[in-house]
Amino acid sequence: MTPRPARRGAGPWWSSWLLGAASLVAFAGFAWPLLAAAAPADAQASVPFVAIALVPALVIAVALTLDREMYTAQTVALLGVLTAVGAAVRIVSTGVAGVEAVFILLILAGRAYGPRFGLLLGISTIALSSLFWGGIGPWTPFQAFACGWVAAGAGLLPRIRLASPRASSRLELAMLVAYGIVASYAFGLIMNLWFWPFAVGSGTGISYLPGAPLGQNLASFGLYSFVTSTATWDTVRAVTSAVGILLIGPAALAALRRAKVGSAGFTPTAGPTVRPRSTELPGGGRRRRPSTAPDAAAAPRTTRRPSARA
Amino acid sequence: MGRARRARLAHLRTAVIVAVGFVVLRVVYRLIFGGSSGGGILLVDLPRIQLPGPFAGVSLLGPITTGGLIATTLGALPFAAGILAVGLLGVVVDLQSLVARATRRGPLRAISRALMIAWSTFPALRISVLRVLVARELRGERSVASLLVPVLEQTVERAIALGASLEVRGFAASRLLVPDSSDPVTMTDAALGFERRWVLEGLDLRLAPASLTLVTGRTGSGKSTLLQAISGLFQHQSGGEQAGVIAVGGIDRIAEPPRETASFVSVVPQSIRLSFVAATVADEVGFALAVRGDAPKSARPAVAEAARTLGIEQLLDREIVALSAGEACLVAIAGAIVSRPLVLLVDEPLADLDTDARSRVVSALDRLAHQSGVCVVVAEHAIHDWDDVVDRRLEIVDGGVREWTKAEGGARFDTPPARPQSATRVGEPVARVSNLVVTYPDRLAVDGASLSLFPGEITAIRGANGAGKSSLLYGIAMPKRRGTVTVRGVDVHTLRRRARRQSVALVPEAFDDLLFTTSVAEECRRADRRARQRNRSSSGAVPGTAATFLRLLGVDGESGTAEARELLDRHPRDLSAGERLCLVMAIQLSARPSVLLVDEPTRGLDDRARLLVGDALMSAAADGAAVLLATHDAAFAARIADRALTMSAGRLDRLVGVAR
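The listed protein sequences correspond, in order, to chains B and Y. Going by the numbering used here, the residue at position 232 of the first sequence is 232; the numbering climbs one at a time, nothing skipped. All you need for the numbering used here is the position in the second sequence, starting with 1, plus 1000.
A few of these clues could be false.
[Unchecked claim] Covered stretches of chain Y (in silico footprint by chain B; criterion: 3 or more residues with CB under 8 Å from a CB of chain B, positions within the stretch not fixed): (1) 1018-1028; (2) 1078-1085; (3) 1131-1143; (4) 1147-1160; (5) 1307-1313; (6) 1450-1457.
Keep in mind that the hints were calculated from the coordinates and are not lab data. Glycine included, every Cβ here is placed at the ideal spot set by N, Cα and C.
Model the full assembly from the supplied sequences, consistent with the hints where possible.
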């Protein structure tokens, strides 16, 4: 095996492939009602069970892969406290129709710390809030993946580098707001997709019909999804996410970016994992010296910081 | 354990509710989409409605029969049973202790440790949210950002402190290094800095075992840098650079990250509360052992031993959040010595403590150095507490370390009072507090306080931690029903939150909670906007918050100057602590309050910052505000206050100083 150039936040070369493949297979698990037709006729009946068993296994596979990379003090600390915030937000907003404010945190953290951290944050947030509140069920692994994807997606969006830092940060904010809206609807759709046959049962006009043409099942699903969530919960969620990101995005990203995520085996001499900050009481002090973080050039001390001015 | 069992049974109840909900949902879908026709008795005969277009195959409603309902319910049962089964699994398997066990070994150590940290972060998070809610009421803000941004800032700050705390306690260490115990710390021509700009240079230093060394110097002079260079956090986490040689226990510091030397180099950080990893004192003290994979049972004797050394055995069962500042400091030291270190680094342990707690901490560190043989290094800018116990005193001046000699005291703070004599009491009091009572569920915090405040006068309230000073200030700023606070003849209790700010404004001890935007200029603009909303009638005369801020700092008010522009463009959190306090004061003064309350303005500030804040308070008083500050900083109170009151056990006592 030839050594690869070390990239920040990246694990061994195979882990990206593994994470991508696991996500792809997991997506197939979500989409089983539409894909079942491709399975052999005598295996059709077992497809839902395979999907429900497969997704938790994949969550564990992803967690095992990422655990090795995240095994550093700073990353674990960040993951821990952000998971606490995420779970708290999720538990508090339970019962408030569709106001899944946790998306705001997932998207901003995924953006600040990258797709791997985001994926893990989504999973751990669901794990902790389920442990705490007890809402564990067959849906938990599906939620974990879906939330992980929402956060990871924000990290995968292109990096924006315009001439002026302020323009860059505005464009980034606009991109994240748009992503928040898309992600809110997409989350609703895929969570409906795997659960739809169970939720509705058979014999209604919007039921999943094993073996029926794809078009018919899609139409039934579309109507089911539209009536039960797209027009209601998902829209509220999209509005919440967009408004939330717009309001707290710039300040929150600036706060999050003060801490940096490094990966295991990342040697300290190669660069810092934390930007120096609080040396003064109370609550942080002046950054007296320029950071040596690799991307520090984007926001050196003398430059205007991203501003919320609109 | 009983509580854990009950919690798990609650999970089962949740599962039952969800399962029943699932069955009901399915029946409802069936009723709406295509009805529940089937055998049995016809219950309701609803018309069937066909949908048009692409949904031609779908029909709504239709007749409902008992047979149809039963068939639907039965069809839903298998999945509902699955929900119940997962719920039952949660009762049988104790997931929490599974996670706890997974932190010690196995392939999910990082995630399970993160979950444990998250778990123990909940109480702190709750406290943080409650505090920010109060802060935002004090600022008269209602926006989402004013709540979420400070909470997130605190979260990230906690993550950074926790990361350092995990690192220095050996999290993710790969091997066990054996130190040379005769040579705790040696520096040979070492320099420390960032990007080739040295903060400290020419360090030649040898620290002996069984000694207590005090490092003094101004805030920002490099005390923490020196300590962190010994712990390795400076080179390995903060991205600092080192030249020359630094060795701890004979091991090259630059070659080994903090986690690898955790067994013999321990750290008590400055932000103690943020660095607590566990939820209970026993877990916190034993954390360094747990991180190495020791089972809780085998760590117990060492934990008990460490607790005994510091005299905190009675605290072991307590929750971390229930500790006082002094107790928290002792717990942090116990957690640092549990691994029997060779070197103990303590960064400003006394900043938060009152006299009593100070002496406990000092004598504990004295015992550790001179009885247990630890090489203790303490960074501190308050030096007189240490006079009797230190073996060696180092002072950091102009980027270098030198042995401290008594001859050169430097600029001392207790210079003659700077208060201008012109500030005299004029006429009627602007505010009257009468018989104010503040109670908490467990105690009486303020017991019938009465006082009058005069415009342009600075009044200081002194007293130990827990005497009720802060409670009194909050009681005046946000009066509840017991006792009355009148400002310019109006009962403050009857005012709404924004109008209240024109009467009374409070700068809380955790003043950072009031800041939530990305630049100083933006903070000032927001404050101006709020002030204009209130003062629409009397517009024009209100000076901008930015101008006030610059004046408090003593920067040339013409905001065209480069220095002013540079300050206003900064991120608020990149200001120094003293500058941030002035910013918050300017924001609170934007409503032109008759009374300005300031809680512990000098906490953690060095002499220079205290001078700055003192001048700012005098400038606010000179503008006509009645200033009331709570402080345990006697020198500061003596310097700027016109009169001082003392407070103990909730009672406002006698007058200490009289108006000059």
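Do the hints match the structure? See the list:
no.	hint	result
1	1018-1028	holds (count 4)
2	1078-1085	holds (count 3)
3	1131-1143	violated (count 1)
4	1147-1160	holds (count 12)
5	1307-1313	violated (count 0)
6	1450-1457	violated (count 0)
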